[in-house]
Structure formats: C-alpha cells, structure tokens
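S.K.: Chain B: place on chain A using the hints.
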Amino acid sequence: MSNRTIAYVKAVVHVLCLLPALLLLRMYFNGTLALEADPVNYITHFTGNWALWMLLGSLAITPLRRLVAGLSWAIRFRRMIGLYAFFYATLHLLTYVLLFSGYDVPAAMAGLRAGHLSQPWTQLKMIWPTMLDDLRKRKFIQVGLGAWTILLVLAVTSPQRVLRAMGGKNWARVHRLVYLAAAMACVHYWWLVKTGVRTPWKVTAVLTVLLLVRLGFAVAKRAKGRTVAPAAVRS
Amino acid sequence: MLLLSDREKEIASSEITPRATFEAFQMNRRQVMAGLGAAGLAAALPRAARAETKIDGLVTTSYAVPDRDTTPEAKAKSYNNFYEFGEDKGDPAKNAHTLKTYPWDVKVEGLVAKPRTFQFGELFHLQPMQQRVYRFRCVEAWSMVIPWDGYPLSELIKLVEPTPKAKFVQFISVANSSQEELPSGIDWPYTEGLRMDEAMNPLTLLTFGSYGQTLANQQGAPVRVIVPWKYGFKSAKSIVKIKFVDKMPPTTWNELAASEYGFYSNVNPTVDHPRWSQAHERLLNTNSIFPKVVPTLMFNGYADQVASMYAGMDLKKNY
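Order-wise, the sequence lines are chains A and B. Per the numbering used here, the very first residue in the first sequence carries number 854; after that it's consecutive. Per the numbering used here, the very first residue in the second sequence carries number 4; after that it's consecutive.
This is chain A alone, in the form it adopts within the complex (with noise of 0.2 angstroms):
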C-alpha cells in the first residue's frame, strides 16, 4: 500500500475512531441523551465499551497481520487506534469524576458565566473526600484507574521521538504493558457488574484469543530459535 493511500486511509480510520464521541454528542444536543433514563449510566458504559473495543482492536493487529499476508500495512494504524483507546478511555473517567462522582456541573458553569473562575476547582474539592473513599475502597476503581494509567504512559511515550529517545528495546518493553492494560480493563469491567451477569464475557473472551495468538507466536518462534541456533554456531 502507497503512503498516499496510507494516508488517505487514515483520514478514514480517524473519522471511524471520531463517530461514537461524535454520535455522543449529537445525541447530547438532540436531547435523546437526556431522555435516556441513567444518561450517566450510558455515557459510562458507551465511553467504556469504546475505550475496551479500541484497546482490543489495537491489539488484534499484530496476529491479524501476521496471519494475513497482504495485512502487513496494518501496522500504521495500531498507534493510532491504542490513542483512540485511550481517548475513550479520558472519556470514561472524566464521566467518573464531572458526572457520577456527584461533581455539580451546572454550578460549575454558572460559576464561571459569573466570572468566578475559581468554581470549578470548588466544586472538585466539595467532591473530592468521596472519590478518594472510593479510591481507596473500591477494588474495581483501583484496577480501572491502574489500566488508565498503563494508557496515559503508553500514550505520552507513543511519538516517534520518545521512541528513538527511549531505545527500540526499553520502549518495547514498556509498550508490553498494553497487555496488562486491557486485562485490568477487563477486571475492572467483571468486578463492576452484579453476580451472576455474564455480559464482560464477550471482551474478555477476545482478549484471551488476542493473548493466546501472541503465546503461540512466541512458542513458535522459540521452537524456530532452536532449530536455527547450531547451524548459526556451525557457520
């Protein structure tokens, strides 16, 4: 595939990753949003799904590409789709802190419409003690927070720059972390839902053939490794 096709391509994938934020916001200014019973419940579900089912598509590049030939331009994209992961990701815990933590929005607004700009940081504050307690009680929060922090690393070391600063091998390593991630986000997704519903399973059950694909890579290569290794030593 041609950079120019490369980059038109782009162009599509990023209105794609843009839709669900951009369906979002229409159905905020066409009012449907606030008709739905729980409009938070669904910004917070919407907004994690997405940050979810970005990470996973992320990740399912590397196997798909190595097991379709014509695939390998793929790779350009993953950067680009693990940022949207993280992007719905900063969604979903911005709708944690502005909207479900109790932080009173309007109040907020009306502060600043009245030019005390200090509004804002009050209300954060007034909420503050609460998420903290949950912060410290709450096993599914501590283990979302903990993927969204893999995220925000991976995130700020993701340009090209940081790369070549890093060293190839130091910024691999650190990029496994991705891994982990998703495997908390799929923690924190279980231990959320009630006993006995079963709807994380769907998630979780791509992400263990997306983690057993990448076990057979590595078994494989190993195995290759060894047959390859005397004949090195030979030459």
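Do not take every clue at face value.
Straight-line C-alpha distance at most 25 angstroms; calculated PhoX-like pairs for lysine-lysine [as the list claims (entries may be wrong)]:
| hint | chain 1 | residue 1 | chain 2 | residue 2 |
| --- | --- | --- | --- | --- |
| 1 | B | Lys319 | A | Lys992 |
| 2 | A | Lys1047 | B | Lys78 |
| 3 | B | Lys170 | A | Lys1047 |
| 4 | B | Lys117 | B | Lys57 |
| 5 | B | Lys244 | B | Lys117 |
| 6 | B | Lys170 | B | Lys319 |
Worth flagging that the hints you see were computed from the coordinates, not collected in a lab.
M.R.: Structure of chain B alone, referenced to chain A:
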C-alpha cells in the same frame, strides 16, 4: 386486561369471552405484529399493543415525596431491573412483551387458616386502589420517585389469617420461559421474602399500577409488591405465589451473593455495598444529563414508620 377483570364482577361468567377465544385473539395479534416485520414498526408496536390501562377510582393519599420531583413516567418504564427479560436495564422494556399477564392467578398458601388462590380480578378489586408516591432506591445507587397504585399487603394477609407459626412471607415470581438468556447461577423463579411485621407494615404495598395505569410488563405486571424502605430488588415482581413460612425463606440475590445482598437489605447510607458506596444516590427524576447526586436517607426516608421494627438489631450485621 383490566376491562376483562372489571367485567368479571358485573357480567355472568357465561358472557365472559372464553379463554380459548381470547387466546386466539392474542395469537392473531402476535401474528399481525410479526407480519409487519420492519424493525421500526416492530419496535414501536409491542409497546402500543401492551399499553397499560387506566385505573379508575384511584384514591389519593398523603403518601408523597414533597422534596423531590416525580420521575418522568417514560424513564420509570424504560429503566428496569427484571433479569428474567435481560441483564441490561433497557432489556425488560424491549423483551417483557412476551410475559403473558392474562389469565393470572395468585396462590396464597402455607401457614394460614384460609389458603386461597385468587384470580387476578378478585385480587385487584379486593380493596380500593390507592395512589402513593414513594422514593424508590435501587441497590445500584440510583433512585426514582414513583407514584404506585395498590393497597396495603396487610389487607390480603388479614384475609387469609396467618397462623401464629407464620413468621415470614415468601413471594415467588412467575417462571418465565426465555430462561436461556438469564444470568448464570440464579435458581429461577425469582423469590423474595419479608419478615411478618415488615409484610404487615402499612407502607408495604401490593401494587397493581403506577402513574394511574396498570403496571407495564417490564415493571412486574400484573401484580408485585413495593417495599419502599428496602432496596428495589426486595420488591418482587409478577408474583404468582405468596407463601407463609416459619423460617427465613431463601431469596434470589442473597443466594447468589450473600455478602452483597442481605435478607433485610434496608436502605442504609452507613452500610456500603462491598463494591460501592450507599451513602449517595443518583436521583433520576429530571430530563437533564447532569444528575443530582443526593445523600441517601436512612430507611430511604421512612425511618419514622419502620425503624421501630429493627430496634436493638445490629443493622451492620443484618444488612
């Protein structure tokens, strides 16, 4: 449904539409609906077809929630935990049209002097129907304010005369046929229970409607209980059997996760769910996306009426 039950009183039984004819009519309607096919129509139609019926002669009461607005009716009827019809809170409104609410009998049995099976119509007309606006607090930390229509469960209990041995009341919900979609590990049908004094408390409402209309299927039609000082799952839906027993009965969520859902499950801001705080709740009573998060009240604000029943009990242990 209601029209038919009304007729039961006034018209000789010979004049009531025979069950077979009625069922044929229902089948026919279903086929018509299936034939329409198009997704949009199909989505719109079941709702219209199972439209709730207005309840006549509702008695207004002083049970009100003056400090909170009533939840918009559409929200109360589209956001339901009714796992028999799906795990997502939007699922019951989509799927519960398969619940067949006519004919409907409620069997009252166990440690009572006068066990009896009530036809729905009899139960419906047993007492004048009252409208009571209650706070409704879900264990998931959201809440609504809903006008329920019914009469105190105690009226029914007095009628069947429990023996002195009866210490608990068990409610058994209808066993729905589409159980392959149900969450694992739950031993269906759904069952809930109350202590005798809780069941006799004047707040406990045998509920047939909401917002002046008969219950929508997804709300647990045609008859359920509402126990406003307890988390929502204690208020069993679509009840087919009420059993008086001497021992604390097994209850569905308690069997599934005893550490998370106690038998009592009184609304209590000081006892957290193991995985989330119960100190606050998201009040779903506006059409705004910015939620009002309000402090949860002890016994959901009904402490005056119910706290004495738990005097001397450790509510942290008996959560």
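S.K.: A separate judgement is required for each hint: does it hold in the structure or not?
M.R.: Tested hints:
A C-alpha spacing of about 21 angstroms is found between Lys319(B) and Lys992(A), which places the hinted pair at or below 25 angstroms, so the restraint holds. Straight-line distance between C-alpha atoms of Lys1047(A) and Lys78(B) comes to about 22 angstroms, which keeps the hinted pair within the 25 angstroms bound. Distance restraint check for Lys170(B) and Lys1047(A): the Cα-Cα separation of roughly 30 angstroms exceeds the 25 angstroms cut-off, and the hinted pair is therefore not satisfied. For the hint linking Lys117(B) to Lys57(B), the alpha-carbon distance of about 32 angstroms lies beyond 25 angstroms, and the restraint is violated.
With a CA separation close to 15 angstroms, the supplied pair Lys244(B) and Lys117(B) stays within the 25 angstroms bound. Among the hinted pairs, Lys170(B) with Lys319(B) is consistent with the structure: their alpha-carbon atoms are about 22 angstroms apart, no more than 25 angstroms.
Hints 3, 4 from the list above are not met by this structure, while the remaining hints are.
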